[in-house]
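Trainee: Quick note: the sequence shown uses the numbering used here, first residue 68, plus one each step.
Just so you know, the hints here were simulated from the structure itself, not pulled from any lab data. A virtual CB, placed ideally from N, CA and C, is assigned to each residue, including glycine. Check each hint, because a few of them may be wrong.
Derived lysine-lysine pairs resembling DSS-like cross-links, with alpha carbons at most 30 angstroms apart [claimed, not checked]:
| no. | residue 1 | residue 2 |
| --- | --- | --- |
| 1 | Lys91 | Lys102 |
| 2 | Lys111 | Lys91 |
| 3 | Lys109 | Lys91 |
The calculated label-pair distances, taken between Cβ atoms and stated as ranges, are [said to hold, decoys possible]:
| no. | residue 1 | residue 2 | range |
| --- | --- | --- | --- |
| 4 | Ile81 | Glu103 | 13 to 21 angstroms |
| 5 | Gln74 | Leu100 | 24 to 32 angstroms |
| 6 | Glu103 | Asn129 | 33 to 41 angstroms |
| 7 | Ile81 | Met105 | 29 to 37 angstroms |
| 8 | Gly130 | His99 | 42 to 50 angstroms |
| 9 | Val80 | Asp135 | 17 to 25 angstroms |
| 10 | Cys125 | Ser86 | 15 to 23 angstroms |
| 11 | Met105 | Arg131 | 31 to 39 angstroms |
| 12 | Glu95 | Asn129 | 40 to 48 angstroms |
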Amino acid sequence: MCLNNVQIQGRAVILGHPSSDENKEILERWEHLDKEFMYWAKYKNTVLIEVDITEVECWNNNGREYIDI
């Protein structure tokens, strides 16, 4: 995943739809905190993805800078 000059790498696991039984705890935790999460959770094609970040790089004109996470 990249945004502006930041590149994030990691391993991703698809958890399924936010309102599935397996994700009930996540849904309960987020429903009171994030209106945007609940907005997207109502659509049947929405999927939760858990990402374990392994590397973050910042790109600039002089090369790359690695961020220790």
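Trainee: For each hint, tell me whether it holds in the structure or not.
Mentor: Here's how the hints hold up against the structure:
For the hint pairing Lys91 with Lys102, the CA-to-CA distance comes to about 17 angstroms; that is within 30 angstroms, so the pair holds. The suggested pairing of Lys111 with Lys91 holds, with an alpha-carbon distance near 15 angstroms, which does not exceed 30 angstroms. Restraint check: the Cα-Cα separation between Lys109 and Lys91 comes to about 14 angstroms, which is no more than 30 angstroms; the hinted pair holds. In this structure the hint that Ile81 and Glu103 lie 13 to 21 angstroms apart at CB holds, the actual value being about 20 angstroms.
For Gln74 and Leu100, the Cβ-Cβ distance of about 28 angstroms falls inside the hinted range of 24 to 32 angstroms, so the restraint holds. Between Glu103 and Asn129 the CB atoms are about 36 angstroms apart, so this pair conforms to the stated range of 33 to 41 angstroms. A hinted range of 29 to 37 angstroms is violated for the C-beta pair Ile81 and Met105, which are about 20 angstroms apart. Between Gly130 and His99, the C-beta spacing of about 44 angstroms keeps the proposed range 42 to 50 angstroms intact.
For the pair Val80 and Asp135, the supplied restraint of 17 to 25 angstroms holds, since their beta-carbon distance comes to about 23 angstroms. At roughly 36 angstroms, the beta carbons of Cys125 and Ser86 sit outside the given window of 15 to 23 angstroms. Distance hint for Met105 and Arg131: a CB-CB separation of about 37 angstroms, consistent with the stated range 31 to 39 angstroms. Separation of Glu95 from Asn129 is about 46 angstroms and conforms to the stated range, judged on CB atoms against 40 to 48 angstroms.
Comparing the model with each numbered hint stated earlier shows that hints 7, 10 do not hold.
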